[in-house]
Amino acid sequence: MLFLSLKMSLARKGRLFLTSLAIILGTAFLSGTFIFSDTLNRTFDQLFTGVYKDVDAYVRSSNFVEVQFGGEQRARIPITELDTVRDVPGVVDAVGAISAYARIINKDGSPLGTDNGPPNFGAIVSESFSGLWSVDTGRLPVGPSEMMMDKWSAKKGKFAVGDTVRVNAQSGSREFALVGIATFGNVSSPGGATFALFDQPTASEFLLAPGYVDAFLVKSDGSLTDVELAAKIDAALPPSAKLETLTGAEITKEEQDLIGEALGFLSTFLTAFSLIALGIGCFVIYNVFSITAAQRLRENALLRAIGASRRQITRALLVESLVIGLLGSILGFFAGIGLSRGLSALLGAVGFEIPASGLSIELRTVMITIIVGVAVTVLSAILPARRAGKVPPLAALRDTAIETTGSNKTRFTIGLVVLALGAAALIAAGTGANIAFLGFGVLFVFAGVLIVGPGVARPIALWIGRPIEKLRGVTGAMARQNAARNPKRTARTAAPVLIGVALVTAFTAFASSVKAEIRDTIGSQFRGDYVVSAPNNGFGGLTPTLVDELGSMPQVGQATALGYATIKINGKGEFVQVIDPQTSAGLFEIEMVQNTQQSLTPSGILVSESRAKSRGWTIGSKIELTMVDGTTKELELQGTFKPSGFFSPYFIDRQVFVGSNNSYFDSVIYLKLKDGVSAAEAHDPLAAATTDKGLGELQSRDEFIDSQSGQVNQILGLIYGLLALSVIIAIVGIVITLLLSVFERKREIGLLRAIGMTRSQVRSTVRWESVITSMIGAVVGVVLGILMGVILMAVLADTGVSAFRLSIGSTFVILVLSFIIGVLAAVYPARRATKIEIIQAIATM
Amino acid sequence: MTSIIDAAVAVNAIKTYGEGDSEVRALDGVSIQFIKGKFSAIMGPSGSGKSTLMHCLAGLDSLTAGSVSIAGTDLAPLNDKALTSLRRDQIGFVFQAFNLIPTLNAYENIVLPLSLGGKMGDEAWINQVIETIGLGDRLKHRPSELSGGQQQRVAIARALASKPEIIFADEPTGNLDSKTGSEVLNFMRQAVTNLGQTIVMVTHDAVAASYADIIVFLKDGKIAGEMTEPTPERVLDYLKHLGE
Numbered sequence: 001m002l003f004l005s006l007k008m009s010l011a012r013k014g015r016l017f018l019t020s021l022a023i024i025l026g027t028a029f030l031s032g033t034f035i036f037s038d039t040l041n042r043t044f045d046q047l048f049t050g051v052y053k054d055v056d057a058y059v060r061s062s063n064f065v066e067v068q069f070g071g072e073q074r075a076r077i078p079i080t081e082l083d084t085v086r087d088v089p090g091v092v093d094a095v096g097a098i099s100a101y102a103r104i105i106n107k108d109g110s111p112l113g114t115d116n117g118p119p120n121f122g123a124i125v126s127e128s129f130s131g132l133w134s135v136d137t138g139r140l141p142v143g144p145s146e147m148m149m150d151k152w153s154a155k156k157g158k159f160a161v162g163d164t165v166r167v168n169a170q171s172g173s174r175e176f177a178l179v180g181i182a183t184f185g186n187v188s189s190p191g192g193a194t195f196a197l198f199d200q201p202t203a204s205e206f207l208l209a210p211g212y213v214d215a216f217l218v219k220s221d222g223s224l225t226d227v228e229l230a231a232k233i234d235a236a237l238p239p240s241a242k243l244e245t246l247t248g249a250e251i252t253k254e255e256q257d258l259i260g261e262a263l264g265f266l267s268t269f270l271t272a273f274s275l276i277a278l279g280i281g282c283f284v285i286y287n288v289f290s291i292t293a294a295q296r297l298r299e300n301a302l303l304r305a306i307g308a309s310r311r312q313i314t315r316a317l318l319v320e321s322l323v324i325g326l327l328g329s330i331l332g333f334f335a336g337i338g339l340s341r342g343l344s345a346l347l348g349a350v351g352f353e354i355p356a357s358g359l360s361i362e363l364r365t366v367m368i369t370i371i372v373g374v375a376v377t378v379l380s381a382i383l384p385a386r387r388a389g390k391v392p393p394l395a396a397l398r399d400t401a402i403e404t405t406g407s408n409k410t411r412f413t414i415g416l417v418v419l420a421l422g423a424a425a426l427i428a429a430g431t432g433a434n435i436a437f438l439g440f441g442v443l444f445v446f447a448g449v450l451i452v453g454p455g456v457a458r459p460i461a462l463w464i465g466r467p468i469e470k471l472r473g474v475t476g477a478m479a480r481q482n483a484a485r486n487p488k489r490t491a492r493t494a495a496p497v498l499i500g501v502a503l504v505t506a507f508t509a510f511a512s513s514v515k516a517e518i519r520d521t522i523g524s525q526f527r528g529d530y531v532v533s534a535p536n537n538g539f540g541g542l543t544p545t546l547v548d549e550l551g552s553m554p555q556v557g558q559a560t561a562l563g564y565a566t567i568k569i570n571g572k573g574e575f576v577q578v579i580d581p582q583t584s585a586g587l588f589e590i591e592m593v594q595n596t597q598q599s600l601t602p603s604g605i606l607v608s609e610s611r612a613k614s615r616g617w618t619i620g621s622k623i624e625l626t627m628v629d630g631t632t633k634e635l636e637l638q639g640t641f642k643p644s645g646f647f648s649p650y651f652i653d654r655q656v657f658v659g660s661n662n663s664y665f666d667s668v669i670y671l672k673l674k675d676g677v678s679a680a681e682a683h684d685p686l687a688a689a690t691t692d693k694g695l696g697e698l699q700s701r702d703e704f705i706d707s708q709s710g711q712v713n714q715i716l717g718l719i720y721g722l723l724a725l726s727v728i729i730a731i732v733g734i735v736i737t738l739l740l741s742v743f744e745r746k747r748e749i750g751l752l753r754a755i756g757m758t759r760s761q762v763r764s765t766v767r768w769e770s771v772i773t774s775m776i777g778a779v780v781g782v783v784l785g786i787l788m789g790v791i792l793m794a795v796l797a798d799t800g801v802s803a804f805r806l807s808i809g810s811t812f813v814i815l816v817l818s819f820i821i822g823v824l825a826a827v828y829p830a831r832r833a834t835k836i837e838i839i840q841a842i843a844t845m
Numbered sequence: 001m002t003s004i005i006d007a008a009v010a011v012n013a014i015k016t017y018g019e020g021d022s023e024v025r026a027l028d029g030v031s032i033q034f035i036k037g038k039f040s041a042i043m044g045p046s047g048s049g050k051s052t053l054m055h056c057l058a059g060l061d062s063l064t065a066g067s068v069s070i071a072g073t074d075l076a077p078l079n080d081k082a083l084t085s086l087r088r089d090q091i092g093f094v095f096q097a098f099n100l101i102p103t104l105n106a107y108e109n110i111v112l113p114l115s116l117g118g119k120m121g122d123e124a125w126i127n128q129v130i131e132t133i134g135l136g137d138r139l140k141h142r143p144s145e146l147s148g149g150q151q152q153r154v155a156i157a158r159a160l161a162s163k164p165e166i167i168f169a170d171e172p173t174g175n176l177d178s179k180t181g182s183e184v185l186n187f188m189r190q191a192v193t194n195l196g197q198t199i200v201m202v203t204h205d206a207v208a209a210s211y212a213d214i215i216v217f218l219k220d221g222k223i224a225g226e227m228t229e230p231t232p233e234r235v236l237d238y239l240k241h242l243g244e
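Chain order of the listed sequences is A and B. Going by the numbering used here, the first residue of the first sequence is number 1, and it counts up by one from there. Going by the numbering used here, the first residue of the second sequence is number 1, and it counts up by one from there.
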């Protein structure tokens, strides 16, 4: 029985291959995601282990602010306590360490390294405690005008010992003499990050503040365990210094966990897409096994007639699915290795550079891939297998119609109920319920559409096919009827296209709306002529002195800076926006609800209306601010503003941060030119002070708005890339179904050829059937996608549904691409259809 | 000698399958002319080559040697496209079963070869054909809604609709009971006698063959004999002869 079944499946090698393809692709994506994440994790784990290899104890400030999803910022510490640490018995040596922002500038004035990739550091390198840094050429820097850099940066920027290098950091832009090039362990740079290395006094003064570092690194003489040493150091330090001591192992683990968390989000994101691909694969497998069972009707009936039980027939098909699932998963796992590279390339292509070296293949990846792959295949095959077992033995002797009739009422009703539930969940999510409702809503809506599908597939197919019939005469009419004749199969074939199109449309619609809102928001707030923006996203930014420099230029009438800071508001870590109410009037205006932007003083705070309401704050309420270095301040709520998805709910006066003992960078500077000064006149002098020095990027207002909304395209590109595989699986599904339909209709095609249908007419019929099927999925998918896009906007953006903007152009492109997919999917099946031998096909018994 | 009144002609038709020791000669030098306006039948036991002869005459299969022509057109030099056009415009087909496209209704099936060629056809002629086969009230029905006999009549109407040079019928009554079968055969007879068509029917049924004007007998790929003005008894008798 088993042998027979396997033999039957091997007889159709082409079909076997195509069926496996769906599983191979899905599992490849899944395993690729795991391999990619594991490799990243391992790369960073190894990185940190290397960084802290010689560090036996680590002393740092106990003041810090942690923001959810934003990491933590820790206060700087004065170098004065270093001697105390050095004097602790068991300590061989201790040095200060800094990891602050520093951007090396290329010889042509552009910043070295990437904006969205590995960070750009400024750090200390010293004789006694160089850690993993070793001198490759030259020597260590001594004094305020000397520096070293990592080998990778030197190669990238074509720097050699003896060159003068410009470096930008918090305190400004400065030139140094390059006296040495260093390697990190046996790599040119850890993780591709750039390092500008100085001696301690220079580093403190240039990167943080004179006399301050981020931490002390301590080397033990081995007489105590690290834990004991850390405790001793801790005891020796005065409590007033607010310092804490960790062992080298502890700090390593902490950093590994922090990165692990961030990578976890990425991995979850990617895994979600691989599950979508597998979900679509389910449809394809289900479809294939249904059709296979239908075609083996006679053989199965014969087996039943000669004594096989229902169970045996069912089991045979299930075993076949098991074998396909197993083989497909194994092949998919190996393909996943290649795919993990592809993921790395995809991320790099859209601008997110992540260093991943080597390959980390864990046992759990292999196991999960195979288990999931087999499970998906077998589960998808269960229903068709059971149906196959139910074939009556009589069917072996008589010709029973293979085509199934339309839907049944119960199924349709269930589908509508599920759909309604899903819609309700989505509406709930849109009006403020838990975000879990969004997930459930989407799932239920998809499920509902798919259950209802066969019931509506026929009328939709006939409707979509009407123009094709008009255009293509009898071949179009036949294609239209063929698409409609088996609604269940048509629905199942169109379903993957539907899911793919719905997702692409939803994300595109969401992105369009976000882009439109960015344009509107920036457009309404920013009234100036030029913008200077920070080259880095997140870490570092514009030096705070730049805005004053620019403001004093003869062409500039008004300059104001906008920044971000991490602080605690009433004990909870938050990102806040920093503005200068004095210089921002008329140049950068937020939409206020109560009071004006100029009501803000250094002892106050502006809060978004919705946040104030939810916390019960009113004008005059006292709010406690705690900065990274531990200083607290009481702020008075001085005004409320209209909330927006792009801002934090808090604005604080710049004077609170600049000059405090905390790192601070501006992120944008807005400029208005003096009356009578034209943009063309001002451009070059402004560029000389900014872009040409790598201090920031100068853009006109329009250029800035374009680039901001352009960032959305980056993420959209990534999502398109991730959905591409699902689309490929959908195409495979169409190809398989068409091939099987052609096979089933062999006799009919033979008849048509006999009475005079040309080969190209046969191809045309197959092609248009494919197009109709694909367009069914596309049209319904677009409608669904737009609805989902609206809900997504309502859920994620504070401004809600009113900001939804549909891009007609993108929607049109999606429909056209679906059309093309239909045409492409038909190429191979159409060729097979024309190869049908007429006489064989029409032979009766 | 071939003349234009011959609807179909085969000259020394040879069709072989396989090679060497396993070679099968389905047609072993058949020369025959089917005259226009006549109802002809081809009979013979299984393996006699009767279906093969029809397939080759109709352009559905190619000869190994010899020639076939339809209304004076030699089929040998024609490529697939040309053969397809020939079948569409100049030949009509009626098969034993599965004659109709299930997704088209009766009328659409009848005009199918014309639609494939993008032609409108002769409306008066088509109406006459429909009237003759008597299915006027069933034109919008799908094949699944028609009986076996009705389906065969639609197939015949289709074969007639494009006013072909010749109609080939392969065991047209094979799946029908005797009453329905004789109805169908009567229509075919009428098509020849009253509408001036040419039909060549392959059959193993003596009763069916007796409706024809002339019967050609095949055995082992060769012509074994002819009979004009056949009756079922004479045919059965002759077949018995042939079997020896």
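A few of these clues could be false.
[Unchecked claim] Pairs of lysine-lysine residues, derived as PhoX-like cross-links and limited to a Cα-Cα distance of at most 20 Å, are as follows:
1. A:K470 x B:K119
2. A:K674 x A:K633
3. A:K613 x A:K642
4. A:K835 x B:K240
5. A:K488 x A:K568
6. B:K179 x B:K163
Since the hints were derived computationally from the structure, they do not count as laboratory data.
Hints, verified against the model:
no., hint, result
1, A:K470 x B:K119, "holds (15 Å)"
2, A:K674 x A:K633, "violated (37 Å)"
3, A:K613 x A:K642, "holds (12 Å)"
4, A:K835 x B:K240, "violated (41 Å)"
5, A:K488 x A:K568, "violated (58 Å)"
6, B:K179 x B:K163, "violated (28 Å)"
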